[in-house]
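Trainee: Listed here are the chains, written in short residue letters.
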Amino acid sequence: MILTVDDSKSMRMLLRNALTQRGYEVVEAEDGVAALEWLRDNSPGLVITDINMPRMDGFGLIEALRGETRWDSTPILVLTTESSNEKKSRARDAGATGWIVKPFDPEKLASAVRRVLH
Amino acid sequence: MQRIDHQEFHIGAGSGIERRVNVLQGTSYVTGKPDIILTTVLGSCIATCLYDPIAHIGGMNHFLLSHPAGLNNSEGAESQRYGVYAMEMLINEMLKAGAVRSRIRAHLYGGANLHSGMKTIGTANIQFAQDFLRDDGIPLIHSHVGGIDARRVDFRAQSGQARCRVVQNVEVLQRKVTPPVSTKGSGDVELF
Chain A
8 MILTVDDSKS MRMLLRNALT QRGYEVVEAE DGVAALEWLR DNSPGLVITD
58 INMPRMDGFG LIEALRGETR WDSTPILVLT TESSNEKKSR ARDAGATGWI
108 VKPFDPEKLA SAVRRVLH
Chain B
76 MQRIDHQEFH IGAGSGIERR VNVLQGTSYV TGKPDIILTT VLGSCIATCL
126 YDPIAHIGGM NHFLLSHPAG LNNSEGAESQ RYGVYAMEML INEMLKAGAV
176 RSRIRAHLYG GANLHSGMKT IGTANIQFAQ DFLRDDGIPL IHSHVGGIDA
226 RRVDFRAQSG QARCRVVQNV EVLQRKVTPP VSTKGSGDVE LF
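Protein chains in written order, with the numbering used here: chain A, 8 to 125; chain B, 76 to 267.
These are calculated hints, taken from the structure and not from any lab test.
Please read these numbers as outputs of a predicted model, since none were measured by experiment.
There may be inaccurate statements among the hints.
Pairs of lysine-lysine residues, derived as DSBU-like cross-links and limited to a Cα-Cα distance of at most 30 Å, are as follows [unchecked claim]: (1) K16/A to K115/A; (2) K108/B to K94/A; (3) K94/A to K16/A; (4) K95/A to K171/B; (5) K95/A to K16/A; (6) K94/A to K115/A; (7) K95/A to K115/A; (8) K108/B to K115/A; (9) K171/B to K16/A; (10) K171/B to K94/A; (11) K171/B to K108/B.
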């Protein structure tokens with residue numbers, strides 16, 4: 008199961024389509040707060056998160072997850088319009104597994120998902 | 076979607092100098108400055124004007140999906156991804172400038188079907204933009220879309236005031252429909 012976190016419903020729909028077509032089960036959250044609420048009782052194999060979101064952004068979500076041993080080894084891919092090295096480094100330092108720049112290529116995304124899940 | 080190479084014009088108006096920023100196809104621009112007027116000329120393209128009436132932040136994008144957006148074929152899906160990206164870039168820049176997502180309001184302009192051989196391009200672009208705003212919960216408070224004529228839009232982003240005029244015999248009428256602007260680095264994957 009893959010948890011996608013993005014404040015744009017349109018983007019979540021695109022992601023859902025790309026991932027379900029490749030056989031993955033997808034759950035959606037609209038920001039970091041909603042993601043953490045869902046994660047209290049669930050354990051996805053992968054989290055794909057946007058950076059710029061209201062309430063709790065992607066950096067906050069990554070830091071919150073890496074702050075708990077339960078989520079130590081869960082891969083987290085950042086999917087964002089941001090392309091600056093500064094923000095990429097911040098995500099890496101916070102514990103992200105990878106960085107993907109929007110607009111995403113479904114094949115490249117699927118390849119990255121396969122690599123981090125296996 | 077890039078935010079570079081905007082053409083700027085300075086004109087005298089009333090109490091001070093106003094600056095016109097021409098938002099070209101494939102770009103977006105966000106500002107909270109009252110002296111800036113965002114302007115563009117549209118054929119089949121769409122310009123989305125967003126503003127937050129409390130933060131007094133506004134912005135405009137200008138994009139064209141060369142195929143009807145949709146998830147049922149590869150070309151449509153690519154257009155859909157590009158369109159969502161164009162909208163997200165504008166929204167993100169708004170949020171960075173101080174806007175609050177739940178307060179953002181939208182205007183839509185453009186989407187004319189200029190050429191008889193490309194009847195559906197403008198309509199498909201309108202449909203995409205309207206669907207995006209509906210799905211993302213952004214109220215559409217004004218639109219001037221469709222038809223067969225090009226438009227010039229002037230948008231005072233800081234106040235949310237817009238003016239849209241039908242124009243004829245301008246360059247946009249001669250312009251070919253072009254594919255989506257490629258975005259540097261888009262889709263690249265880096266695993267840490």
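Trainee: Decide, hint by hint, whether the structure agrees.
Mentor: Tested hints:
{"no.": "1", "hint": "K16/A to K115/A", "verdict": "holds, 21 Å"}
{"no.": "2", "hint": "K108/B to K94/A", "verdict": "holds, 27 Å"}
{"no.": "3", "hint": "K94/A to K16/A", "verdict": "holds, 23 Å"}
{"no.": "4", "hint": "K95/A to K171/B", "verdict": "holds, 17 Å"}
{"no.": "5", "hint": "K95/A to K16/A", "verdict": "holds, 24 Å"}
{"no.": "6", "hint": "K94/A to K115/A", "verdict": "holds, 21 Å"}
{"no.": "7", "hint": "K95/A to K115/A", "verdict": "holds, 18 Å"}
{"no.": "8", "hint": "K108/B to K115/A", "verdict": "violated, 40 Å"}
{"no.": "9", "hint": "K171/B to K16/A", "verdict": "holds, 19 Å"}
{"no.": "10", "hint": "K171/B to K94/A", "verdict": "holds, 14 Å"}
{"no.": "11", "hint": "K171/B to K108/B", "verdict": "holds, 15 Å"}
This entry does not satisfy hint 8, going by the numbered hints stated previously; all others are met.
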